[in-house]
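Novice: Per the working numbering, the sequence shown starts with residue 786, numbered consecutively.
Hints may be right or wrong, so weigh each one.
Keeping only pairs whose Cα atoms sit at most 30 Å apart, straight-line, the calculated DSBU-like set for lysine-lysine is [as the list claims (entries may be wrong)]: (1) K814 <-> K788; (2) K983 <-> K814; (3) K926 <-> K866; (4) K902 <-> K926; (5) K993 <-> K974; (6) K926 <-> K967; (7) K902 <-> K878; (8) K851 <-> K866; (9) K993 <-> K866; (10) K1027 <-> K956; (11) K814 <-> K956; (12) K956 <-> K902; (13) K1038 <-> K993; (14) K878 <-> K974; (15) K926 <-> K1038; (16) K983 <-> K993; (17) K974 <-> K1027; (18) K956 <-> K801; (19) K833 <-> K926; (20) K1038 <-> K983; (21) K851 <-> K983; (22) K967 <-> K1027; (23) K851 <-> K833; (24) K878 <-> K866; (25) K967 <-> K788; (26) K878 <-> K833; (27) K967 <-> K1038; (28) K1038 <-> K974; (29) K866 <-> K902; (30) K983 <-> K1027; (31) K983 <-> K956; (32) K833 <-> K967; (33) K866 <-> K983.
Keep in mind the hints are simulated off the structure, nothing from the lab. What you are looking at is a predicted structure, and each value in this text was computed from that prediction instead of being measured.
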Amino acid sequence: MNKIDIRTVNVVQYIKPLREGGSMPAIVKADDGFLYVLKFRGAGQGKKALIAELLGGELARAIGLKMPELVFMNLDDTFSKTEPDEEIQDLLKFSVGLNLGLHFLSSAITYDPLVSKIDALTASKVVVLDSIMSNIDRTAKNTNLLDWNNELWVIDNGASFYFHHNWSTYKNHLTRTFPLIKDHVLLDKATQLNEASKQIQAALTEEKIAEIIALIPEEWLQNDTDDLSPAQMRAAYLEYLKAKLAMIDSLVKEAEDAR
786 MNKIDIRTVN VVQYIKPLRE GGSMPAIVKA DDGFLYVLKF RGAGQGKKAL IAELLGGELA
846 RAIGLKMPEL VFMNLDDTFS KTEPDEEIQD LLKFSVGLNL GLHFLSSAIT YDPLVSKIDA
906 LTASKVVVLD SIMSNIDRTA KNTNLLDWNN ELWVIDNGAS FYFHHNWSTY KNHLTRTFPL
966 IKDHVLLDKA TQLNEASKQI QAALTEEKIA EIIALIPEEW LQNDTDDLSP AQMRAAYLEY
1026 LKAKLAMIDS LVKEAEDAR
């Protein structure tokens, strides 16, 4: 089994904001010469959105979905000083340090359910995974999927794991299904949910999930407002994902019924 290795790069150029994203990510250039979509730790949902992005992206990759490379991105304080736009200036100022970048897929187009083609198994895997990680943001209004080189690529998993915004009640979420799956953009194409769930269970062993959770930088888990220590949070993410995989049949049935 390949060990996951996430590279760390430095931002060398801020190119432009992507204003269609609620958290205003940006296209930036790194010192490895590549372009990335930078997700800022100083944006609305802060470091928790980066954690959800990291976990969701690597879980998607582990089950065989196409996912752009994720990198940790160091941002220094020079960029905010030369930025004329006050809103962006503040975002850059509050995001100094370690952020998350997604390899920029040049000329990719947003997935369009009426035009883009997708096979049933891939659609089913995305639906089941989004049920597992309670991703509320993969709807027709905002698909968070890209069509690149005639393949479906999963992006933007930052709205997943919303239980982690209130650690005091996270255990309430362990036995819940995910009724919002009824709004999923790929639901009507997801006709192989049972096969997808089998493949997901085979890929997401406890060891694999623990390896993905171990990738979260310690500093992203340190918040004055949280009741749990970083080690307890890692244990809670593992507990949550194991609980969801244990009830995968209920999640599949819920998606089937919604379909």
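Novice: Indicate, hint by hint, whether the structure satisfies it.
Specialist: For each hint, the structure was consulted:
| no. | hint | in the structure |
| --- | --- | --- |
| 1 | K814 <-> K788 | 26 Å, holds |
| 2 | K983 <-> K814 | 39 Å, violated |
| 3 | K926 <-> K866 | 36 Å, violated |
| 4 | K902 <-> K926 | 18 Å, holds |
| 5 | K993 <-> K974 | 28 Å, holds |
| 6 | K926 <-> K967 | 13 Å, holds |
| 7 | K902 <-> K878 | 41 Å, violated |
| 8 | K851 <-> K866 | 37 Å, violated |
| 9 | K993 <-> K866 | 41 Å, violated |
| 10 | K1027 <-> K956 | 13 Å, holds |
| 11 | K814 <-> K956 | 40 Å, violated |
| 12 | K956 <-> K902 | 38 Å, violated |
| 13 | K1038 <-> K993 | 25 Å, holds |
| 14 | K878 <-> K974 | 43 Å, violated |
| 15 | K926 <-> K1038 | 24 Å, holds |
| 16 | K983 <-> K993 | 16 Å, holds |
| 17 | K974 <-> K1027 | 26 Å, holds |
| 18 | K956 <-> K801 | 40 Å, violated |
| 19 | K833 <-> K926 | 23 Å, holds |
| 20 | K1038 <-> K983 | 14 Å, holds |
| 21 | K851 <-> K983 | 18 Å, holds |
| 22 | K967 <-> K1027 | 23 Å, holds |
| 23 | K851 <-> K833 | 23 Å, holds |
| 24 | K878 <-> K866 | 8 Å, holds |
| 25 | K967 <-> K788 | 35 Å, violated |
| 26 | K878 <-> K833 | 18 Å, holds |
| 27 | K967 <-> K1038 | 12 Å, holds |
| 28 | K1038 <-> K974 | 15 Å, holds |
| 29 | K866 <-> K902 | 45 Å, violated |
| 30 | K983 <-> K1027 | 15 Å, holds |
| 31 | K983 <-> K956 | 25 Å, holds |
| 32 | K833 <-> K967 | 25 Å, holds |
| 33 | K866 <-> K983 | 51 Å, violated |
Hint violations for this structure: numbers 2, 3, 7, 8, 9, 11, 12, 14, 18, 25, 29, 33, all remaining hints satisfied.
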